[in-house]
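Engineer: Sequence:
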Amino acid sequence: MIKRIRRFDWTMFGTILALLFLSFLFIFSAGYQNGDTTLSGKALRQVVWASIGLGCYSAATAFDYRKFKELHWWTYAATLAGLVLVFLFPEKNNAHRWIPMPGFDLQPSEFAKLGVVFTLAGVLSDPATDTDDVGAFFKAFALMAVPFFLIVIEPDLGTSMVLIPVTLAMLFCSGTPVKPIVLLIVIGLLGLITLGVWLRFFPDTCPFLTDYQKSRVLVYLNVSQDPLGAGWNKLQSQIAVGSGGLLGKGYLKGTQNILGFLPRTVAPTDFIYSVVAEETGFAGGGLLLVLYTTITVRCMRAAVLAQDLFGRLLAAGIGVLLFTHVFINIAMTIGLMPITGLPLPLMSYGGSFMVTTMGALGLVQSVYIRRRTV
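Everything in the sequence shown is counted per numbering that gives the first Met the number 0, starting at 0 for the first residue and increasing by one.
Check each hint, because a few of them may be wrong.
[Claimed, not checked] Computed Cβ-Cβ distance ranges for the label pairs, DEER-style:
1. 132 x 188: 22 to 30 Å
2. 202 x 66: 46 to 54 Å
3. 7 x 40: 42 to 50 Å
4. 286 x 186: 36 to 44 Å
5. 251 x 13: 38 to 46 Å
6. 66 x 163: 27 to 35 Å
7. 16 x 251: 21 to 29 Å
8. 152 x 73: 39 to 47 Å
9. 163 x 73: 43 to 51 Å
10. 171 x 204: 31 to 39 Å
11. 94 x 65: 35 to 43 Å
12. 43 x 178: 31 to 39 Å
13. 80 x 102: 35 to 43 Å
Treat the hints as calculated values from the structure; they're not laboratory data.
C-beta: ideal position from N, C-alpha, C; glycine also.
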């Protein structure tokens, strides 16, 4: 026990605690109004979810991650079952994303991302899989494609897109030939450019996206197209971030946030970074980036020092998953990418994502504690 404590990654754990504390502060700020210092329901619920998350983190850290390797097919089956189950319940906000539970809604797509990481780590580390052969590439993408499709039709295009860079990164770490990976990246970029041009000039003829997804892309290409409708959140977010300046307007003093220009329905979730940037400025936003960079680097360090391929892929996959979330969310809030609805890890309000993120980071800690000696 003492040996494991000595091998514990205290830097990662301290960074996680710092982000959880900031999450509470700014979710409270996102619900603050008229000088009322009473704790908002969302701030209190976030404390509950963070506490549950810390319990999951502790359990995952204590558990030997290598035992999960034998369960990766069961994990994959449970992932698909959860994604199918959402279609048995009524729509909420025009989407089948949640399973109603007593007191909260469960979002299987959040757990599915971790399920895909488990599955790919198990398959690619299996001695029966020849990662030097291009067949491993197609096998991995076939396994990813099923949950990808199920999430797309919920619809939740943003969450599904996260699975692609995670799969590519895990293939690279497993030793799969680089050529098909690079080729797919090039094809993907060309496809995105083609889709953007198509939507820009012929939006009504695109059958792949729903109307609200089309509007988000069109607003990204030209925010003045609908500044009071689909473009409102994007425009107000950019104003919030830009008006923060170097040091911000002060805690609980962000006008875009407090006055409700940045809608209270999205401020504590998808746009929590905008709240932080408005109130703490470039300095506070930069601090968040430093904290997330620290966690990503510690995940990659755990991957490099892992004693087996399964541990390496698990830590690398989780690290890339979190980095992708951070990159897309922040790029979205400052207008560099279309609005996707991806939350900011450990900061955005929400139970399912908080619990899965903390559990995932606990597994990285498990890999690190059981690392090889160098």
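Engineer: Decide, hint by hint, whether the structure agrees.
Structural biologist: Against the structure, the hints come out as follows:
1. Checked against the hint of 22 to 30 Å, the C-beta distance between residue 132 and residue 188 comes to roughly 26 Å, which is consistent with it.
2. The supplied range of 46 to 54 Å is met by residue 202 and residue 66, whose beta-carbon atoms lie about 50 Å from each other.
3. The supplied range of 42 to 50 Å is broken by residue 7 and residue 40, whose beta-carbon atoms lie about 34 Å from each other.
4. The hinted range of 36 to 44 Å is satisfied by residue 286 and residue 186, whose Cβ atoms lie roughly 37 Å apart.
5. Taking 38 to 46 Å as the suggested C-beta distance range, the pair residue 251 and residue 13 does not conform, at roughly 26 Å.
6. Roughly 28 Å separates the CB atoms of residue 66 and residue 163, a value that falls within the hinted 27 to 35 Å.
7. Checking the proposed 21 to 29 Å range against residue 16 and residue 251 shows it holds: the Cβ atoms sit about 22 Å from each other.
8. For residue 152 and residue 73, the hinted distance range of 39 to 47 Å is not satisfied, since their beta carbons lie about 24 Å from each other.
9. At about 24 Å, the beta-carbon gap between residue 163 and residue 73 misses the expected band of 43 to 51 Å.
10. For residue 171 and residue 204, the hinted distance range of 31 to 39 Å is satisfied, since their beta carbons lie about 36 Å from each other.
11. The supplied range of 35 to 43 Å is met by residue 94 and residue 65, whose beta-carbon atoms lie about 37 Å from each other.
12. Look at residue 43 against residue 178: about 52 Å separates their beta carbons, and that is not inside 31 to 39 Å.
13. In this structure, residue 80 and residue 102 break the distance hint of 35 to 43 Å, their C-beta atoms being roughly 22 Å apart.
Checked against the numbered hints above, the structure breaks hints 3, 5, 8, 9, 12, 13 and satisfies the rest.
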